[in-house]
Every structure is written in C-alpha cells, then in structure tokens.
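K.L.:
Now for the letters of each chain:
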Amino acid sequence: MPADRITKIRISNLRVFKDVELTLDGLTVLIGDNGSGKSTLLECLELLRHVGIANSFAMEALQESHGPFVDLLRRGASSLSLGVDIEGDGPPLSYGFKVSLTGTVPEIVAEMLFAKGEKPRVVLKRGQGEFYWFDESSQANVPITQVPAQMLAAAAGAQGLSPNPAFVRLAKALRAIEYHPPFEVRPIWQQLQLDRRQGPRWPSPANHTERLKRYGHEFPAALLVLRNDLQAWQRFLERARAALGPQLTQFSIQPAGSGQLDVLVHFGLSLTLPLRALSEGQLSFLLMLAAVELGRGRSVLAFDEPDIHYHPELVVNLVHILEDAAQTVPVVVATHSDRFLDALSSPSRSVVVTHMQDDGSVSLMRLKPEQLGAWLERYRGLGSIRAEGYLPHVI
Amino acid sequence: MIVTVWWEDARQPVRSKNYGPDQFLARCIADDLGCDLKDALRMFSGQPKKGAGTIKRLLTDEAPLVLNRGPLCAVLDHDKILELWLPTERPNDCHSGICGAIRSASPGDYYLVLLHENMETLVRAACDVMHVDVPAKSPQTRDDILARLVFGESSEKRQIVRDAVPGFNRLVDWVKAVVAQPTPSL
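As they're listed, the protein sequences go chains G and R.
In terms of my numbering, the first sequence opens at residue 143 and continues consecutively.
In terms of my numbering, the second sequence opens at residue 46 and continues consecutively.
No lab work stands behind these hints, which were simulated from the structure alone.
Computed from a prediction, not measured in an experiment: that's the story for all the values here.
Note that CB positions come from ideal geometry on N, CA and C, so glycine has one too.
Be careful, since some hints might not be right.
Straight-line alpha carbon distances no greater than 30 Å define the calculated DSS-like cross-link-like pairs of lysine-lysine that follow [claimed, not checked]:
#  : chain 1 : residue 1 : chain 2 : residue 2
1  : R       : K182      : R       : K62
2  : R       : K62       : R       : K95
3  : R       : K95       : G       : K160
4  : G       : K258      : R       : K221
5  : R       : K182      : R       : K83
6  : G       : K510      : R       : K182
7  : G       : K510      : R       : K125
8  : R       : K125      : R       : K95
9  : G       : K160      : R       : K125
10 : G       : K355      : G       : K150
11 : G       : K510      : R       : K95
So these bits of chain G aren't anywhere near chain R, every CB distance computed over 10 Å [to be verified]:
#  : residue
12 : V162
13 : G238
14 : A252
15 : P416
16 : Q469
17 : D500
18 : Q513
19 : R520
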C-alpha cells in the first residue's frame, strides 16, 4: 500500500484566510502578491504537523510557537479551524478541529475524524457535550476519558491511547508533513555577525536522522542516510552537477572532532573543497536535493521560496526535480519567480493564485486551462504572461 | 470582466504598483465616482508596452485574447502614430482619420486614446498646476510627479490637468463607462 499523503487542507479564520481549502495533487505552486497568505498557508502545514506531536497543541503550538493565539486569529474572529484529508494506506480520512479563545487562552472546542471507506463512519467526535471514539474491536463508540482537555486525539492516537488504527494513520501522516523555509546558507562571515554557528556550513553532530533538518541543519548526517540508498545517491550526485559543474565526482563525510561531522566536495582527482566554501546557490541546491530525496516517504513536502539564490537555469532544474518528486509525494511550493512559472510543465494543474479580496480575506484560485492555452501560444510560459500583466486574464 | 489599458511607454514592460499613469487614471476615476483609490485601481489592469510599434503589433496579435475577458483601450502618443500608421499619405490626420487607419490595419472592438503629443504633455500640465519645474524626461520623474499629483493635490487641481489633456479625460470617461455596464455572466 502507498504511504498516506495529505490531499486537502482546510483553513478557517486563520490570519488572512476566512474559509479556504486547497487540494494537493502532485506539484502545487502558490503565487500571489506579498501579504496574500502564501507563507501562512505553509505555516498551517507546520501547525498541522504539531497536531500529531504536541501534548498540548493549543498551548504549545498556537499560543507559544506560532502565537500568541490572538495573532493567528483572523481579525474579528474568536475561533479558528484546521483540517486535512488523508489518502493512501487505507480508507480515506477526513480530520478537523476548532480552537476558540477562552479568556486569554486557546481551547480545543471541537474535533472530528471521519473515515470514508466502505463503511463511512465518525471515528472521533469532540464537541457539543460529546467526546467519543469508535472502537474497532468492539465496534462501538467509547467515551473518551483519558485524553486531557488540551490534547488533540491525534496525539493521543500516536501515543497508543486510542482503540482505533485510524488515529495511528492520522498521527503518522501529520507527523510526516515536512516544511522547509529557505535554508540557512549565508556565508560564514555574515553568520558570525549574527552570532550564529549552526547550519550546513558548520560541522554538526552525527545524530540519527531520517530527513533533512529544517534550515539544512545536520546535513552531514542526512548525507550519510542518503548514501545508504545507492539509487538515490546516484541521482543526488547527477543532479548536483547541475549546480556544482560536471567535474563533481563525490562527497565525503569526515569526522570534525567532538563527535561532529563535516562534508568535503571532490572535483576530479585534484580539487577538494569543504562544503562551507560553496556559494549560497550551490549549497541551497544541494540541500534542496537532499530534502527531496529524503522526503519521498513524507505525507507532503513544502518549500517556501526554494528558488532564492538560483541562477535561472538552476531554477528550471529545480522545477524538473520538484515535478519528478511530486509523482510520489504531494509537493507545495510558494514562489515569486517568473522563471519558475515558465518552466512548469502543467501550470494550469499546478498553480494556485492567492488573491486578496475586497473584504481583506484571501481566496485561492486556479488557472483556466482554456484561457491559458491561448496565451501560451504567444508566451514562453506562465511567468512571462504574468510579467506582462496578463495573469488576471488566465484565472 | 477585466478592463485592460495598454500604455505606450518607453520603459520595458515590467509592471509596477506605483506606475504613474495607472495611479493618475485611478485617482481621476476615484475623484469622479467618490470611491477609494484602492477600489479604482482594481477597476482596470494597466499595462505599459514598450513603444507604439509594440502596441501596433499587439493590436493584431494579442487584442483578440485580451478582448475575450473584457474591454481593451490602447493609449498612444500622437507624435509617433503618423509615422507608424500613415507613413505616406496624411490627408486624414485628424483624430477620426488616424483611428480609422489603425482600425483598418488591426481590426477589433478596442478603444483608442490618442494623447496630444505624448505622456509628457500630462507631466507638463501637472508641473504647471503644481508650480514646479518640469524635470528631465524619465519614467521615474514622470511617476514622481504624477504621484505628487495623485496623493498631494486636490481634485480641482487634477481636473485642471485633465482639462489640459483631453485625451486623458476621454480615457477616464471610457473606464467609468465600461465598469458601469453590467458584468456579463460567464
């Protein structure tokens, strides 16, 4: 069975979003003006990831990490909702929850998990005085007593408190959300000015990892994992040559003292450079490749402006890599790059425009294939159409 | 419905939110309708095009696509039109004669506005009414002057500028008229 993947996100009353849902199928490219909610949408994915982890989601994620909660709420609203659809490893699941402001703290007021399958049924319900889940073995609803009020049932499922396997799938899929803001590839002299000594340009601990850490931290450990998969490693090397040149022969991971690892880059037989010597674009591209290769089993892969620092030709490479990855895992990208849009093989399928409406809320719009087709006969791609000011004509 | 305005311009066709002619057109509409500038800016999609030659080509090649989604107006500088559309004979270089020549070369249901001389006429009129020296010609100075007129002057002063450039006034009236029409259902 294929791994579970996120196929839809629903957001209500969160920052600029009043009530939107986004279907994720293959590569989804978010474009729109500054302040139109692209990064907020990606942040919602990160919030959803916390659902399967946090013991007190409302306080830990909504109040402390991403909050205060009132800043997350849409202006004038007193509660927000998030939801996802999950498909893959079993009957499709639909999950959502609502958090309200009670006094000054957020409180979970509603939660529901619905399994669609052959026998559609509510697997979990919380709210309006009810709090139960469906027990597969007894085929009956069981009142929930052991889950604390501030804990979402998804996290309870992950901790083995639930009698229903749907919770385990839900928790697993939410924890498998992977979101990468731009990688920390600043030159070392700039990082020193900011008093930062962590990231891909620095030696890092040999911790076990299954994915590339956010900002590209612990890159050597991620490379070690990648190197264990010969096919993935060959693909990584081949694609890396697009940024580092055809002379690139190998990467080696070296001890750097104190249990730390460092990466060396080998060109031909005579030139070896430390990873920290690479340019921002080169390093960022390597990190992107690693994130994509290690992200193939995720429920969704999301990148905020991954094309920063890239030469236009590299942007085209990036698009091909993301489109390839999107065949196995939903990929979401927010970008401002016209070159990125020009390189898309199917912009009408991939692109979602975030559009600020008159009431200050943001709507999500898809392109009209028939309109776009006529314009694409005249322009190189969607990016060129947008640069000329014709985007409104194709949505 | 999308109302599109093509501006003949010297600059490369890079869209900017602070594009002076867009801002001034929207402010004039807002003055007349009593609405916010922000709302007036949403009534049309202004697009600078490099040179009258580009617009001549686009009126044939792209106008049908644009007209699929709504009305189109091309704003041309009077000073280059004769060379492009009437290079040999000039018996009818009046407004209707020139428009007729353009339409026969590029048939279509678009609207044409011919600015007397060019956009600099508008900039000069703006400088006159604001009592400032006319700056050296450049897209940046044009946008600066028009921004001052849009954000720092009264509607009465803007009306004086519009009266001095009748072509621009026709453009304002055209946008107001087309947005006032009921939107056809899709």
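K.L.:
Each hint should be assessed against the structure and marked as holding or not.
P.N.:
Hint check results:
{"no.": "1", "hint": "K182/R / K62/R", "in the structure": "holds, 20 Å"}
{"no.": "2", "hint": "K62/R / K95/R", "in the structure": "holds, 17 Å"}
{"no.": "3", "hint": "K95/R / K160/G", "in the structure": "violated, 40 Å"}
{"no.": "4", "hint": "K258/G / K221/R", "in the structure": "violated, 51 Å"}
{"no.": "5", "hint": "K182/R / K83/R", "in the structure": "holds, 28 Å"}
{"no.": "6", "hint": "K510/G / K182/R", "in the structure": "violated, 41 Å"}
{"no.": "7", "hint": "K510/G / K125/R", "in the structure": "violated, 37 Å"}
{"no.": "8", "hint": "K125/R / K95/R", "in the structure": "holds, 13 Å"}
{"no.": "9", "hint": "K160/G / K125/R", "in the structure": "violated, 50 Å"}
{"no.": "10", "hint": "K355/G / K150/G", "in the structure": "holds, 24 Å"}
{"no.": "11", "hint": "K510/G / K95/R", "in the structure": "holds, 28 Å"}
{"no.": "12", "hint": "V162", "in the structure": "holds, 20 Å"}
{"no.": "13", "hint": "G238", "in the structure": "holds, 32 Å"}
{"no.": "14", "hint": "A252", "in the structure": "holds, 36 Å"}
{"no.": "15", "hint": "P416", "in the structure": "holds, 40 Å"}
{"no.": "16", "hint": "Q469", "in the structure": "holds, 32 Å"}
{"no.": "17", "hint": "D500", "in the structure": "violated, 8 Å"}
{"no.": "18", "hint": "Q513", "in the structure": "violated, 7 Å"}
{"no.": "19", "hint": "R520", "in the structure": "violated, 7 Å"}
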